[in-house]
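J.: Full structure from sequences and hints, please.
As they're listed, the protein sequences go chains A, B and C.
The opening residue of the first sequence carries number 1 in this note's numbering; numbering runs sequentially from there.
The opening residue of the second sequence carries number 167 in this note's numbering; numbering runs sequentially from there.
The opening residue of the third sequence carries number 603 in this note's numbering; numbering runs sequentially from there.
I should point out that these hints are in silico values taken from the structure, not numbers from a laboratory.
There are no misleading hints in this set.
For lysine to aspartate or glutamate, the following DMTMM-like pairs were computed, each having C-alpha atoms within a straight-line distance of at most 20 Å: (1) 614/C with 520/B; (2) 882/C with 892/C; (3) 644/C with 218/B; (4) 614/C with 333/B; (5) 614/C with 530/B; (6) 614/C with 468/B.
Chain B residues, not near chain A, derived (Cβ > 10 Å throughout): (7) 479; (8) 589; (9) 594.
Small disclaimer: the values here were computed from a predicted structure and weren't measured.
Even glycine gets a Cβ: it sits at the ideal position worked out from N, Cα and C.
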Amino acid sequence: MSAPAPDMIPGRVPHRQARWYRALAVVAALLIALMIGVTCIDVFGRYLLNRPFGGAYELTQMLLAALVFVALPLTTADGGHVEVDLALHMFSRRVQVLMGRLAGLVSAAALAYFAWRLAVIGLDQWHEGTRSASLMLPMAPLAFLAAISCAVSSLILILPRDEVAA
Amino acid sequence: MTISLIAFAILLAMVFVRIPIAFAMAIVGGVGFAILRGWAPAGAMVGNAVFETGLNYSLSVVPLFIFMGNVLAGSGIAQGLFSAADRVFGRMRGGLAMATVLSCGGFSAVCGSSLATAATMSKVAMPSMRRFGYSDSLATGSIAAGGTLGILIPPSVVLIIFGLLTEADIGKLFLAGIIPGIVGIIGYLVAVMVAVRLKPELAPKVGEVMPMTRQDAISVAAVLALFAFIMIGIYGGLFTPIEAAGMGAFAALIIAGLTGGLTRPALWAAFLDSATASAMIFAIIIGAEIFSNFVTFAGLPDSLSQIVEGLGLSAWTVLLLIVLIYLVLGCFLESLSMILLTVPVFYPVISNLDFGLAVLADPDAVLIWFAIIVVVVTEISLITPPIGMNVFVLRSVLPDVTLGTIFRGVFVFWVADIFRLALIIGVPALSLWLVT
Amino acid sequence: EELIMSSWLPPKHPIVVNAFKPWAEAVEKATDGRVTVRIMGKPLGSPPAHFDMARDGVADITYGLHSFTEDDRFNRARLGQFSFLGDDAIANSKAYWKIYGGTLNAAEEHKGTHLLGLFMHGPGLLHNNKRKIETVADMKGLKIRVPGGYVADLVGALGATPLFMSSPEVYEKLSRGVIDGVAFTYEAMTAFNLVDDIKYSMTVPGGIYNTTWFFVINEAKWNALSDEDRAAIEALSGEAFAERVGQAWNDADSAAKAEIGDKVDFYQASPEIVAALKAKAGELEQKWSDSLGQGYDGAAALAEFRKETGVNLE
Ligand code: NA
Ligand code: NA
Chain A
1 MSAPAPDMIP
11 GRVPHRQARW
21 YRALAVVAAL
31 LIALMIGVTC
41 IDVFGRYLLN
51 RPFGGAYELT
61 QMLLAALVFV
71 ALPLTTADGG
81 HVEVDLALHM
91 FSRRVQVLMG
101 RLAGLVSAAA
111 LAYFAWRLAV
121 IGLDQWHEGT
131 RSASLMLPMA
141 PLAFLAAISC
151 AVSSLILILP
161 RDEVAA
Chain B
167 MTISLIAFAI
177 LLAMVFVRIP
187 IAFAMAIVGG
197 VGFAILRGWA
207 PAGAMVGNAV
217 FETGLNYSLS
227 VVPLFIFMGN
237 VLAGSGIAQG
247 LFSAADRVFG
257 RMRGGLAMAT
267 VLSCGGFSAV
277 CGSSLATAAT
287 MSKVAMPSMR
297 RFGYSDSLAT
307 GSIAAGGTLG
317 ILIPPSVVLI
327 IFGLLTEADI
337 GKLFLAGIIP
347 GIVGIIGYLV
357 AVMVAVRLKP
367 ELAPKVGEVM
377 PMTRQDAISV
387 AAVLALFAFI
397 MIGIYGGLFT
407 PIEAAGMGAF
417 AALIIAGLTG
427 GLTRPALWAA
437 FLDSATASAM
447 IFAIIIGAEI
457 FSNFVTFAGL
467 PDSLSQIVEG
477 LGLSAWTVLL
487 LIVLIYLVLG
497 CFLESLSMIL
507 LTVPVFYPVI
517 SNLDFGLAVL
527 ADPDAVLIWF
537 AIIVVVVTEI
547 SLITPPIGMN
557 VFVLRSVLPD
567 VTLGTIFRGV
577 FVFWVADIFR
587 LALIIGVPAL
597 SLWLVT
Chain C
603 EELIMSSWLP
613 PKHPIVVNAF
623 KPWAEAVEKA
633 TDGRVTVRIM
643 GKPLGSPPAH
653 FDMARDGVAD
663 ITYGLHSFTE
673 DDRFNRARLG
683 QFSFLGDDAI
693 ANSKAYWKIY
703 GGTLNAAEEH
713 KGTHLLGLFM
723 HGPGLLHNNK
733 RKIETVADMK
743 GLKIRVPGGY
753 VADLVGALGA
763 TPLFMSSPEV
773 YEKLSRGVID
783 GVAFTYEAMT
793 AFNLVDDIKY
803 SMTVPGGIYN
813 TTWFFVINEA
823 KWNALSDEDR
833 AAIEALSGEA
843 FAERVGQAWN
853 DADSAAKAEI
863 GDKVDFYQAS
873 PEIVAALKAK
883 AGELEQKWSD
893 SLGQGYDGAA
903 ALAEFRKETG
913 VNLE
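T.: Set out below in structure tokens:
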């Protein structure tokens, strides 16, 4: 398991200083803040002003999807996906490195496949004009965001470490 | 049935060569589906699973409950809880470990995740226990075990996911977790007492208690206030359990602002960590969704129900078998994937059983009781080798402690958990008393 | 041949128990066991994905609501989502199959699949726990959960605040006073456990809203069946299925009414309310009819629908 230590200070790990990482992290933080904001506007609005926020449900859904896919490359770059390295100690260092590389490639293949399927969904929704039921927001951009997120995450796993940190 | 078992075996093999569990599940599930049904349908199924999981409204609690806990952790409230708990037990042998357990329970009341609870409390409790010469095994064991309470004592991301899978009332699930959670704290306290009685060298007698500062008192008050805010909000009808996550996160920010403990870097870290932890959890949920679509398609739930019916076992035997399966699976599977993969399979089996108890006459009551049993076995899985996520968290926070040491330290707590599990199965009223 | 059916409603839902399962059994019987239908205990995707799932072959057979998401592909399907369409689910469903399935060429809006059925449920009512709505002024300020854009426009025009949320959320929000009311069927009142939180239910002749459903099979899978089997299944589908599922909805409504008894005050909408609804509804119907473009006359289709179900708008 290589989840990042929760107290990790940004900047201590090279890739966390990379411009792309910081930019995505800022967007992710904004999305969390917006999710909190939407709930607050809805709940306070309904009691204090007697004006509930009709789009809260849908906006929360879409913000959540955006957050998950914006954060996916961050988690991937951190090596933050849950993995088990218990059996590793039984192998030599070289084999360990090889297994790590292999696991990275297999994961990258899965993510690339996700990206392709999400792009297909995005194109579908683009042509059919799929919109959310109440706010009438188009769904296709969200699917494209998800596709790009998976593609980027896949690349991160294929590229050598120092390029990711660049 | 056979094909599902083969798939499980391949899944485990992939996990053991270090392929992240999320992608291993997605690959085995997707390829399995393609073999049974063709590549085009499998591709469509996978795409849907990835996209729709991101859009799942109820899962909005995942980032927000985690953020709430992170904000409080970042503002030094966990330290205050620990110092306050130390006032209660400090003069006893093993007092610091007991304080750890109690403050883990306290932090669980404002944190929805076990991993976050363990990670937070390790940074607070571990330095003190080391300073006073506690053995690493008892110190880490108490944190790893205490941290598991995070998903039983409300709020709880796992209980919400259980509610999602079974359409159970999340408000009732939260209430149901409280008493078993307190039983868990008591069990762990007893476990510490027994451990230090058997092996006094685990924990030297400290004899002095840390001074209780004003800051500590504020921390305790803050945790109580936030827990009360969430509970009153949910049960007083001000907001739904899902909305409680957003409101709780907002309240945590206010509290952090009032106590003044949250620095800007800590706030930034709280945001960043909540985002990355959420992506990690969603990747697992997506993988599990794909895998369980395959298993459903292969007919595992149906054949399992038929086998159980065919054997004509009593309801209690079936339940014990399921618990046994959970304990075994809990050794190997990561906790969230375990719930996502098994609850849809076992829930239909359980819901058709008659346990012959008045308290379980209502199917909803059976469901809630089963939820608590599932959460407790999941807590156990978090500290069972070889794959015990809480133990992994501790090792990543404390790289100089070996896995073996932590697992050894966890053993007494594991025994306490087995007693608790038996108690919760034998006395359903423990789970149902607050609900009815 | 085993056909896989993905079902997202709870396994004990009346139309699963009384329409889809009996239909599956009837198919097996009519084809002498050559074609069987396995209904999955757990859906293979989210409810809104179910049309695409049949089209893409994730499952062979699916059902769902046309209004799950807003898009352009089921535009003509909205025929069945307006007010004043009929109080009997069988008549509604038969008319819907006949007119949307016929004149309005539903098959074209369901490309990639073969239609097994098109149907509607019983009349939608307006439930609330604040007051008996007798004048338009009574609607002012009520927070009403609505199932879609049309009803939202309708109640919004009368001064209420429309809100959107998933059906299971309604119980949480209604019992907490987040919303004051909901546009739902009789059946939904008991299915979602709302009876204790509703005081007044206003009926509108022909229903204030309805929802429209598709029941489809993957096109390639359908074409691969033998002519004999297809004929046998056709005989159980379309109008025959409209009858079957309409009966299931009617029975569910009756059971709900019996269970509710006098715990809720059911009353007819006043002439003033009906007139106000009609004015706004007419506007929205016209807008929809205009949007259909060349070759489809929405207004005529609605008139024909009402003639079939015996609703007199005058
Ligand atoms: Na908790
Ligand atoms: Na384990």
